[in-house]
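Asks: Listed below are the residues making up each chain.
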Amino acid sequence: MRIPRLLAAAVVSVAVTLAGSPLANAAAPAAFIEPSGTITISAASSLTDVLPVIAAAFTKRFPKVTVKFNFAGSSTLVEQLNAGAPVDVLATASELVMAKAVGAGSVTAPIPFAKNTMAIAMPTGNPANISALTDLAKPGVFVAVCDVAVPCGAAARDLFKNTNITVTPVTRELDVRMVLGKVIADEVDAGIVYVTDVKWAGSNITSVTIPGALNVITSYPVATAKATSNPVAAKAFVQYLRYSFSAQGILRAYGFMKP
Amino acid sequence: MTPRRPTAPRPLFLLIPGLIAIAFLVIPMIGLLAEAPWGSFGAILTSQVALEALRISMVTSIAATVIAIFIGTPLAWLLAREILPGTRILRAMVIVPLLLPPVVSGVILLTAFGRRGLVGQWLSSGLGIQLPFTTAGVIVAETFVAMPFLIITMEGAFRSLDGRFEDAASTLGASQWTIFRRITLPMVGPSLVAGAVLCWARALGEFGATITFAGNFPGVTQSMPLAVYQALETDRSTAIALSLVMLTVCVVVLVALRGRYLRPTTS
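Chains as they are written, first to last, in my numbering: chain X, 740 to 998; chain E, 198 to 464.
Simulated from the structure, these hints should not be mistaken for laboratory data. Among these hints, one or two may not hold up.
[What the hints assert, rightly or not] Residues from chain E shown here face chain X by an in silico Cβ test under 8 Å; the list is partial: (1) F210; (2) L307; (3) G311; (4) R312; (5) R313; (6) G325; (7) F330; (8) N413; (9) G416; (10) Y426; (11) Q427; (12) L429; (13) E430; (14) T431; (15) R433.
Even glycine gets a Cβ: it sits at the ideal position worked out from N, Cα and C.
Starting from the given sequences, assemble the full structure and let the hints guide the process.
Replies: Following this line, the structure appears as structure tokens:
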């Protein structure tokens with residue numbers, strides 16, 4: 740995934756121009772400061788696989804930067820950040836949860852960088868013969884979902900509402916990877932996860948896609964933390980994630996949709 | 198309380214680190230009290246989530262303790278008397294759940310009692326018993342993690358027992374069961390209480406094995422620690438109020454056990 744440096748630099752500079760206020764840019768184009776140092780990114784569990792790949796591309800572009808990660812359920816991340824965790828960038832799996840961080844004054848100006856949608860994941864062999872959402876409402880079917888406090892759980896709730904079914908799950912996990920884990924371990928018959936999780940799990944599971952009209956689409960926003968000790972690198976990463984061809988290309992390869 | 202000896206030395210090199218240690222342990226608890234939502238405390242504690250979690254915690258931790266007493270005490274006796282072959286290895290195996298990260302205990306339980314597990318597949322297809330995602334599963338997780346506390350406490354008690362009383366009863370014609378019931382058990386009574394309370398407190402605080410093995414569902418498998426963790430996602434003040442309840446329970450248990458733990462021990 741090598742991209743000519745000039746092109747990448749052009750993309751970043753265009754992005755910086757787009758993001759800044761037009762008036763300020765007209766007055767004095769900001770001098771480019773080379774990002775350096777370490778940044779810590781708090782990111783939703785569903786980004787666990789894709790973000791390190793993007794970070795590797797980012798550090799190839801900006802070799803003086805070291806990227807560290809903190810993955811958890813989006814709500815936990817916001818709670819940590821609001822309580823003063825030393826984080827530079829926050830990427831959540833829902834705008835609603837990001838709004839809590841904005842409301843608490845922990846981040847500024849989030850921008851959406853990807854979209855995701857839901858799927859039904861089953862253990863290989865599909866023990867309960869799930870072929871549609873309505874099968875999840877049948878008695879005796881073990882279903883795992885996320886708790887409604889986290890984005891994947893809110894999405895599952897909306898999904899059941901759209902389909903007009905009542906599903907009584909056996910467990911409400913606290914992040915989507917715990918749901919996927921229960922499916923892979925064959926402890927449940929089905930779980931509601933993101934399509935990106937299905938893609939990542941590959942042949943460890945089977946899956947059913949959900950018709951677009953019923954499905955729920957979640958948006959992933961990213962923002963820099965107000966208390967960041969490295970605003971230059973933090974902003975560079977946010978811009979890179981949203982606007983660079985390589986970051987967006989990697990997101991597409993992992994099954995995310997364009998923002 | 199015995200008065201301190203007037204000549205008791207108080208060297209600074211022990212006093213200062215000691216005071217740092219006590220501050221380190223006590224300050225977080227003060228922090229919890231300071232942030233407690235006293236105004237809405239009653240409403241939070243009588244909410245459905247809190248009451249259900251409290252009920253699940255009480256039922257499962259007591260059940261786990263009772264199971265531990267009935268099967269853990271005999272094992273402690275067998276270990277103390279070194280009756281079984283390979284007692285040293287057995288003792289090490291008993292202590293393993295004490296040292297394991299609880300989430301690993303949960304994984305181990307899944308490999309054994311999950312529905313594709315070694316015993317679990319047989320339980321599920323043969324008897325129709327499903328442990329994960331049930332209250333019984335929570336009890337299994339808590340027993341696995343907490344029983345070693347009772348076993349090691351009781352083993353110590355059985356070991357330090359003066360065997361001559363049992364020998365005397367035996368020469369007077371008492372049966373094995375009578376000796377155990379009338380001589381052995383009464384002599385280890387205080388240890389049994391202490392071991393049971395330790396075991397119960399550990400079961401009450403169980404989180405990792407429970408959420409891994411039994412999942413998280415309000416009213417079925419969501420115990421207090423799981424409710425605290427989940428509340429942290431949405432409502433910090435609820436999490437703090439529930440934490441305060443757990444802290445209170447621990448303090449009450451300590452006060453009840455003050456005879457054993459709040460006084461310096463000589464043994």
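Asks: Quick check: which numbered hints come out false for this structure?
Replies: 1, 6, 9
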